[in-house]
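There are 2 protein chains.
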Amino acid sequence: MEVVHSIADLRSRIREYRRKNDGSVGFVPTMGYLHEGHASLLRKARSQSGLVVLSIFVNPLQFGPGEDFERYPRNTERDLEVAEAAGADLVFMPSVSEMYPAPTRTTVSVTGLTSNLCGASRPGHFDGVATVVSKLFHIVQPDQAFFGLKDAQQVAVIEQMVQDLNLAVEIVPCPTLREKDGLAMSSRNVYLTEEERKQALVLSQSLELAKEFVRGRSSFTAGELESLVRSHIATAPLAVIDYAEVLAYPALETFESSTHTDSVIIALAVKFGKTRLIDNAIIQLRK
Amino acid sequence: MEVVHSIADLRSRIREYRRKNDGSVGFVPTMGYLHEGHASLLRKARSQSGLVVLSIFVNPLQFGPGEDFERYPRNTERDLEVAEAAGADLVFMPSVSEMYPAPTRTTVSVTGLTSNLCGASRPGHFDGVATVVSKLFHIVQPDQAFFGLKDAQQVAVIEQMVQDLNLAVEIVPCPTLREKDGLAMSSRNVYLTEEERKQALVLSQSLELAKEFVRGRSSFTAGELESLVRSHIATAPLAVIDYAEVLAYPALETFESSTHTDSVIIALAVKFGKTRLIDNAIIQLRK
Numbered sequence: 001m002e003v004v005h006s007i008a009d010l011r012s013r014i015r016e017y018r019r020k021n022d023g024s025v026g027f028v029p030t031m032g033y034l035h036e037g038h039a040s041l042l043r044k045a046r047s048q049s050g051l052v053v054l055s056i057f058v059n060p061l062q063f064g065p066g067e068d069f070e071r072y073p074r075n076t077e078r079d080l081e082v083a084e085a086a087g088a089d090l091v092f093m094p095s096v097s098e099m100y101p102a103p104t105r106t107t108v109s110v111t112g113l114t115s116n117l118c119g120a121s122r123p124g125h126f127d128g129v130a131t132v133v134s135k136l137f138h139i140v141q142p143d144q145a146f147f148g149l150k151d152a153q154q155v156a157v158i159e160q161m162v163q164d165l166n167l168a169v170e171i172v173p174c175p176t177l178r179e180k181d182g183l184a185m186s187s188r189n190v191y192l193t194e195e196e197r198k199q200a201l202v203l204s205q206s207l208e209l210a211k212e213f214v215r216g217r218s219s220f221t222a223g224e225l226e227s228l229v230r231s232h233i234a235t236a237p238l239a240v241i242d243y244a245e246v247l248a249y250p251a252l253e254t255f256e257s258s259t260h261t262d263s264v265i266i267a268l269a270v271k272f273g274k275t276r277l278i279d280n281a282i283i284q285l286r287k
Numbered sequence: 288m289e290v291v292h293s294i295a296d297l298r299s300r301i302r303e304y305r306r307k308n309d310g311s312v313g314f315v316p317t318m319g320y321l322h323e324g325h326a327s328l329l330r331k332a333r334s335q336s337g338l339v340v341l342s343i344f345v346n347p348l349q350f351g352p353g354e355d356f357e358r359y360p361r362n363t364e365r366d367l368e369v370a371e372a373a374g375a376d377l378v379f380m381p382s383v384s385e386m387y388p389a390p391t392r393t394t395v396s397v398t399g400l401t402s403n404l405c406g407a408s409r410p411g412h413f414d415g416v417a418t419v420v421s422k423l424f425h426i427v428q429p430d431q432a433f434f435g436l437k438d439a440q441q442v443a444v445i446e447q448m449v450q451d452l453n454l455a456v457e458i459v460p461c462p463t464l465r466e467k468d469g470l471a472m473s474s475r476n477v478y479l480t481e482e483e484r485k486q487a488l489v490l491s492q493s494l495e496l497a498k499e500f501v502r503g504r505s506s507f508t509a510g511e512l513e514s515l516v517r518s519h520i521a522t523a524p525l526a527v528i529d530y531a532e533v534l535a536y537p538a539l540e541t542f543e544s545s546t547h548t549d550s551v552i553i554a555l556a557v558k559f560g561k562t563r564l565i566d567n568a569i570i571q572l573r574k
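Those protein sequences? They're chains A and B, same order as listed.
Oh and the first sequence: position 124 is 124 in the numbering used here, straight run, nothing missing.
Oh and the second sequence: position 136 is 423 in the numbering used here, straight run, nothing missing.
The following block holds chain A by itself, in its conformation from the complex (with noise of 0.2 Å):
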């Protein structure tokens, strides 16, 4: 595995490996601090791809003021042994200065897919993500790109922007992945107190009280399944509710009856403390 910090000599090394070899490039973008749901999507990498790049920077465009970029976890020994043993070949980490050289004029905005969710309560957020992901995209020119479905609405955004700029990459979203006791993983769980942790459970476990109710109706409304959600959320005291919604998916567009929609997302935002955790579950109604 080899470490590089520069534009161009990330770029040097894939035209080096895409000249000697017919295999394709595999990408997994991150913010670093990996856990196993990163490692998860570099093994993904390593089963599909024959270069695995990683990339490795916490990117000031995506943070609103107040939000944690100052603080936002940060361990690159640690990050370099989870990359090592799930299969990078090549871990590109460029300083702020390298991906901005100068204040960035350009940006690439994703409308109708961000106005609610995350979108809404982190304005531009999303221009923050699709500008620094099609900046990715071009310096590492990848074959497939993989992404976890934690951040559905991420996903949804990068695949939007890739159908409709004709990006030739193939986007491959990938299952989140969760402790044993099913709190989604994040690098943010490192915030939580001893007590915030326990409570963040409500989370995954209204997921699954969501899935539960779905399974037992034949049909059901937004407004039920949502209501479901937050009183279960609200039985933990220190539970502040961002959103708590139940979207059509892959559109995220709000529905009625389940009637309507083939395949629904419960997209879930809540604070315990400073600490903003996010989940979902997408599920599907019929083929």
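None of these hints come from the bench; they were simulated from the model.
Since the model is a prediction, treat every value here as computed from it, not as a measurement.
Just so you know, even glycine gets a beta-carbon here, dropped at the ideal spot from N, CA and C.
Check the hints yourself; a few may be wrong.
[Unchecked claim] Reference excerpt, derived from the structure (chain B facing chain A, CB under 10 Å, subset only):
#1 S384
#2 P388
#3 T394
#4 H425
#5 M448
#6 L470
With chain A's structure known, arrange chain B on it following the hints.
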């Protein structure tokens, strides 16, 4: 020379070329109705690139309401003759539905450079340009792309986008070609009546006057140069000035005294009847 209409066909031809050859791919994006200016871009590409790709696509996204999208001149048969004579290998002529199978939700925007000149008088125009050029770059994946400097602001916007988004393409700006009497070549010249065509010479003439003025002086103000140009254009009774601005180049920012900038652009947009013509001169003041 081969003509293709689908993105899939174009990609497969270029992939095949790259597999068999070490030469570079040169790209000339156009809206068709080719004139000698476009031919000069193709010849430049021919001299630098192994495979010369031309696109012909009148992009609805960069036309505003009431602009000339519907009546923009088209002549495929002659375009293909010009393209072949100038050395194109591959012509990409997609339909609107091939380029936009669904309404695009993704926009590429460049700020700063687009607030004045054509950006001010054609709101949304440069978003449309940046978005379609980004799509075409993703489809063709050229090593070099050739643009005429008649659209100097367009070149500046595209260079900024390429830099900000790390697109792996070299932008090659090429000089404006002119008719014998000085009129800048443009597909829109065909709209002009005989009388308008005569009076349209004030554009290139005023630029020549400006160059002469600059040559004779150690310093000057933007205002002096602008007045000179405006008063010459005013000698044409049919001319209606959209803008006539003197800006620092390539920043496209205003300046007071010429001692503060190394290079200036005199940029003109003038209407004759319904026809809007643009022209410009870039003058280097010092190395």
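Verification of the hints:
1. S384: Since the shortest Cβ distance to chain A is 14 Å, the answer is violated.
2. P388: holds (8 Å)
3. T394: With Cβ-Cβ at 5 Å, under 10 Å, it holds.
4. H425: holds (4 Å)
5. M448: Constraint on M448(B) satisfied, holds at 5 Å.
6. L470: Check failed: Cβ of L470(B) comes no nearer than 33 Å to chain A, outside 10 Å.
Hints 1 and 6, counting from the list given before, are not met by this structure.
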